[in-house]
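J.: One letter stands for each residue in the lines below.
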Amino acid sequence: MDVTLIHQKVVWVILGMGLVTYVPRWFPLVFLSRRNLPQWLVEWLDLIPAAILSALLVPELFTSGMPRHMSLWQPELWVAIPTFVFALKTKSLGGTVVIGMALFWLAQNVI
Amino acid sequence: MSDSVSPPKKHNLKMSILQGLSAAWPICLGYIPIGLAFGVLAQKAGLHPIEIMLMSILVFAGSSQFIAVSMLSTGAGAVSIIITTFAVNLRHLLMSSSLAVFLSNTTRKKLSLFAYGVTDESFAVNHTRFSRNNWSLDQALVVNHTANIAWIVSSVIGGYSGQFIHEGAFGIDYALTAMFICLLIFQLKGRFYVITAVIAGVVAVTLSLIIPGSSYIILASIFAATTALGIKKWMLR
Numbered sequence: 001m002d003v004t005l006i007h008q009k010v011v012w013v014i015l016g017m018g019l020v021t022y023v024p025r026w027f028p029l030v031f032l033s034r035r036n037l038p039q040w041l042v043e044w045l046d047l048i049p050a051a052i053l054s055a056l057l058v059p060e061l062f063t064s065g066m067p068r069h070m071s072l073w074q075p076e077l078w079v080a081i082p083t084f085v086f087a088l089k090t091k092s093l094g095g096t097v098v099i100g101m102a103l104f105w106l107a108q109n110v111i
Numbered sequence: 112m113s114d115s116v117s118p119p120k121k122h123n124l125k126m127s128i129l130q131g132l133s134a135a136w137p138i139c140l141g142y143i144p145i146g147l148a149f150g151v152l153a154q155k156a157g158l159h160p161i162e163i164m165l166m167s168i169l170v171f172a173g174s175s176q177f178i179a180v181s182m183l184s185t186g187a188g189a190v191s192i193i194i195t196t197f198a199v200n201l202r203h204l205l206m207s208s209s210l211a212v213f214l215s216n217t218t219r220k221k222l223s224l225f226a227y228g229v230t231d232e233s234f235a236v237n238h239t240r241f242s243r244n245n246w247s248l249d250q251a252l253v254v255n256h257t258a259n260i261a262w263i264v265s266s267v268i269g270g271y272s273g274q275f276i277h278e279g280a281f282g283i284d285y286a287l288t289a290m291f292i293c294l295l296i297f298q299l300k301g302r303f304y305v306i307t308a309v310i311a312g313v314v315a316v317t318l319s320l321i322i323p324g325s326s327y328i329i330l331a332s333i334f335a336a337t338t339a340l341g342i343k344k345w346m347l348r
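First to last, the protein sequences are chains A and B.
Counting along the first sequence from 1, when you hit position 79 you're at 79 in this note's numbering, and nothing is skipped either side.
Basically this note's numbering = 1-based index in the second sequence + 111.
Heads up, a few of these hints could be off.
Quick list of in silico lysine-lysine cross-link-like pairs, DSSO-like style, CA-CA up to 30 Å [what the hints assert, rightly or not]: (1) B:Lys220 x A:Lys89; (2) A:Lys91 x B:Lys125; (3) B:Lys221 x B:Lys155; (4) B:Lys221 x B:Lys344; (5) A:Lys9 x B:Lys155; (6) B:Lys220 x B:Lys125; (7) B:Lys344 x B:Lys300; (8) B:Lys343 x A:Lys89; (9) B:Lys300 x A:Lys91; (10) B:Lys343 x A:Lys91.
I should point out that these hints are in silico values taken from the structure, not numbers from a laboratory.
Please construct the entire structure, taking both the sequences and the accompanying hints into account.
T.: Structure representation (structure tokens):
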């Protein structure tokens, strides 16, 4: 392995990326966990996971491409329906992952 | 707040590791193909395997790593790549805030270690278990670091040999989507959570179509949680 191929610029970029990624992960954990948070903030933070998960998931189902456009006929969306039902019935994370993958594979290769 | 959360139960180390691993495997399953794909792209963009490993260790945030590599290959400046990374990863601020509620009796050292591993996926898995009150920081750390190792190893392997791995094998591209579907269902604990998720989904789709990048995640999340809390206060006053 020729280490002379490591670029100084790339190393600086990586160090900078590491710093600006770590600080937002670290700051609330250290500074919020030691305080008595006001009740409204606790209730707000309690809603955040549902909000983030939905904001991460739903655009992956309904849109595609770069820049994004609506894409209603992609397997991502309609495989999500039986996967959703399975997850709702079983509440099994591992099972849902396996079923989702199998259905997605079927949708891409068989249908 | 701390008095409403019962202290975490005592677990021995071996149990914590086993429970952490059993919670982490769906994340690893999802990270492996993405890590491989990242390694392949990074190598094609001219990154040395050591640089790929360094980035996966120091940054450990998938989408921002893909964006950084594509910016590097188009010759973008260091500062603009770092600012973009900051914007893409700012959503972790919300996740860490939400996790902080469960971690009031913890040393700063352990929190600093835990902070390193907060990703979309580890956050979702750990938050679900913390909120069921049967999860400790030790188990959460096992989840974070198992996922971390899967990410680092798969991205380095991708950097060496990714071109040999068939894309789309076994539907593995859908692993994280399926995981998010199930984790979202775990979060729908009442009507206000459902309202939050519906608002977040609609707003996120709309914003993702009109603004470039991934800032729609944080904007839609803040808007949805705030609106749903407003509705809750208004209905229950």
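J.: Evaluate each hint against the coordinates.
T.: So, going through the hints one by one against the coordinates:
1. B:Lys220 x A:Lys89: violated (40 Å)
2. A:Lys91 x B:Lys125: holds (26 Å)
3. B:Lys221 x B:Lys155: violated (37 Å)
4. B:Lys221 x B:Lys344: Distance ~36 Å between B:Lys221 and B:Lys344 Cα, so the pair is violated.
5. A:Lys9 x B:Lys155: holds (17 Å)
6. B:Lys220 x B:Lys125: Satisfied, since the Cα-Cα distance of roughly 22 Å is no more than 30 Å.
7. B:Lys344 x B:Lys300: holds (17 Å)
8. B:Lys343 x A:Lys89: holds (28 Å)
9. B:Lys300 x A:Lys91: At roughly 13 Å apart (the allowed maximum being 30 Å), A:Lys91 and B:Lys300 satisfy the hint.
10. B:Lys343 x A:Lys91: holds (27 Å)
Violated hints for the displayed structure, listed by number in ascending order: 1, 3 and 4.
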